[in-house]
Amino acid sequence: GAVVSQHPSRVICKSGTSVKIECRSLDFQATTMFWYRQFPKQSLMLMATSNEGSKATYEQGVEKDKFLINHASLTLSTLTVTSAHPEDSSFYICSARDPNGLAGYEQYFGPGTRLTVT
Amino acid sequence: AQSVTQPDIHITVSEGASLELRCNYSYGATPYLFWYVQSPGQGLQLLLKYFSGDTLVQGIKGFEAEFKRSQSSFNLRKPSVHWSDAAEYFCAVGANNQGGKLIFGQGTELSVKP
Numbered sequence: 465g466a467v468v469s470q471h472p473s474r475v476i477c478k479s480g481t482s483v484k485i486e487c488r489s490l491d492f493q494a495t496t497m498f499w500y501r502q503f504p505k506q507s508l509m510l511m512a513t514s515n516e517g518s519k520a521t522y523e524q525g526v527e528k529d530k531f532l533i534n535h536a537s538l539t540l541s542t543l544t545v546t547s548a549h550p551e552d553s554s555f556y557i558c559s560a561r562d563p564n565g566l567a568g569y570e571q572y573f574g575p576g577t578r579l580t581v582t
Numbered sequence: 022a023q024s025v026t027q028p029d030i031h032i033t034v035s036e037g038a039s040l041e042l043r044c045n046y047s048y049g050a051t052p053y054l055f056w057y058v059q060s061p062g063q064g065l066q067l068l069l070k071y072f073s074g075d076t077l078v079q080g081i082k083g084f085e086a087e088f089k090r091s092q093s094s095f096n097l098r099k100p101s102v103h104w105s106d107a108a109e110y111f112c113a114v115g116a117n118n119q120g121g122k123l124i125f126g127q128g129t130e131l132s133v134k135p
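Here the protein sequences come in this chain order: A and B. Mapping to our numbering: the first sequence position 25 is 489, numbers consecutive. Mapping to our numbering: the second sequence position 83 is 104, numbers consecutive.
Take the hints with a grain of salt, since some may be wrong.
What the hints assert, rightly or not - Straight-line C-alpha distance at most 25 Å; calculated SDA-like pairs for lysine to any residue:
#: 1; chain 1: A; residue 1: Lys-505; chain 2: B; residue 2: Pro-61
#: 2; chain 1: A; residue 1: Lys-505; chain 2: B; residue 2: Gln-63
#: 3; chain 1: A; residue 1: Lys-478; chain 2: B; residue 2: Lys-89
#: 4; chain 1: A; residue 1: Lys-505; chain 2: B; residue 2: Lys-89
#: 5; chain 1: A; residue 1: Lys-519; chain 2: B; residue 2: Ser-35
#: 6; chain 1: B; residue 1: Lys-89; chain 2: B; residue 2: Pro-61
#: 7; chain 1: A; residue 1: Lys-478; chain 2: B; residue 2: Arg-43
#: 8; chain 1: A; residue 1: Lys-505; chain 2: B; residue 2: Gly-74
#: 9; chain 1: A; residue 1: Lys-478; chain 2: B; residue 2: Gln-63
#: 10; chain 1: A; residue 1: Lys-505; chain 2: B; residue 2: Ser-73
#: 11; chain 1: A; residue 1: Lys-505; chain 2: B; residue 2: Phe-72
#: 12; chain 1: A; residue 1: Lys-519; chain 2: B; residue 2: Pro-100
It is worth saying that the hints were derived from the structure and are not from the lab. From a predicted model like this one, the values you see are computed outputs, not experimental measurements.
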């Protein structure tokens, strides 16, 4: 299957700083990528849909000025957590939609990024 | 609104025993259904998927799932569980006309006893 990478896998930052997480589709072009947040022992919460060349679509309740998403190419989307606070500590997972997948619903997931804000 | 329910938060089975993880969905038309597995600290791996055709679908790692429209269910099964199957399992349905979004269930944590 297709491969999606995320970088970094773990990051620790100080409160008030910004952190950028990269999501790359390695062997296919992804016009659409998704960003999820996952709390311990919970399901994935969709934060936003990232479309190449256009603005991201954020889910209700997600602060777009805090979680900046850029999808500048068909293989790269980035999530920047701005002015991070301890409550932003979480596991962030991206996925890339396979354009040749099951009616457009097939997604390949990255390995996730563990963000800890101190 | 579409939804996915996984009634069992945590299941423990003995190694070698059979497994069934339940998934119920709420959807008006024929759903696109998926099962994913997540190991601790990892992303999600697709086990299997269903859209149409044979209602019994085979996946990777010896898993299968059966789509039952009358019960709005898509239960995941494995005849003999291995210790390495211990993980979190998520059922998901494709959200209709929402740009490829998936709606996830709450997840079922599987523990395997030796």
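Each hint tested on the structure:
Straight-line distance between C-alpha atoms of Lys-505 of chain A and Pro-61 of chain B comes to about 10 Å, which keeps the hinted pair within the 25 Å bound. A hinted pair counts as satisfied when its Cα atoms are at most 25 Å apart, and Lys-505 of chain A with Gln-63 of chain B qualifies at roughly 13 Å. Of the supplied pair hints, the one linking Lys-478 of chain A and Lys-89 of chain B is violated, its CA atoms being roughly 50 Å apart against a limit of 25 Å. Distance hint between Lys-505 of chain A and Lys-89 of chain B is unfulfilled; the C-alpha atoms sit about 28 Å from each other, more than 25 Å.
For the suggested pair Lys-519 of chain A and Ser-35 of chain B, the alpha carbons sit about 49 Å apart, so the restraint of at most 25 Å is broken. Between Lys-89 of chain B and Pro-61 of chain B the CA atoms are separated by roughly 30 Å; this puts the pair beyond 25 Å, and the hint is violated. Note on Lys-478 of chain A and Arg-43 of chain B: the hinted pairing is violated, with a Cα-Cα distance of about 41 Å set against a maximum of 25 Å. Between the alpha carbons of Lys-505 of chain A and Gly-74 of chain B the distance comes to roughly 34 Å, so the proposed pair goes past 25 Å and is violated.
Simply put, Lys-478 of chain A and Gln-63 of chain B have alpha-carbon atoms about 24 Å apart, close enough for the 25 Å limit, and the pair holds. Simply put, Lys-505 of chain A and Ser-73 of chain B have alpha-carbon atoms about 32 Å apart, too far for the 25 Å limit, and the pair is violated. Proximity of Lys-505 of chain A to Phe-72 of chain B is assessed by CA-CA distance (about 29 Å); at most 25 Å being required, the pair is judged violated. Between the alpha carbons of Lys-519 of chain A and Pro-100 of chain B the distance comes to roughly 46 Å, so the proposed pair goes past 25 Å and is violated.
Consistency with the previously given hints fails for numbers 3, 4, 5, 6, 7, 8, 10, 11, 12, ordered from lowest to highest.
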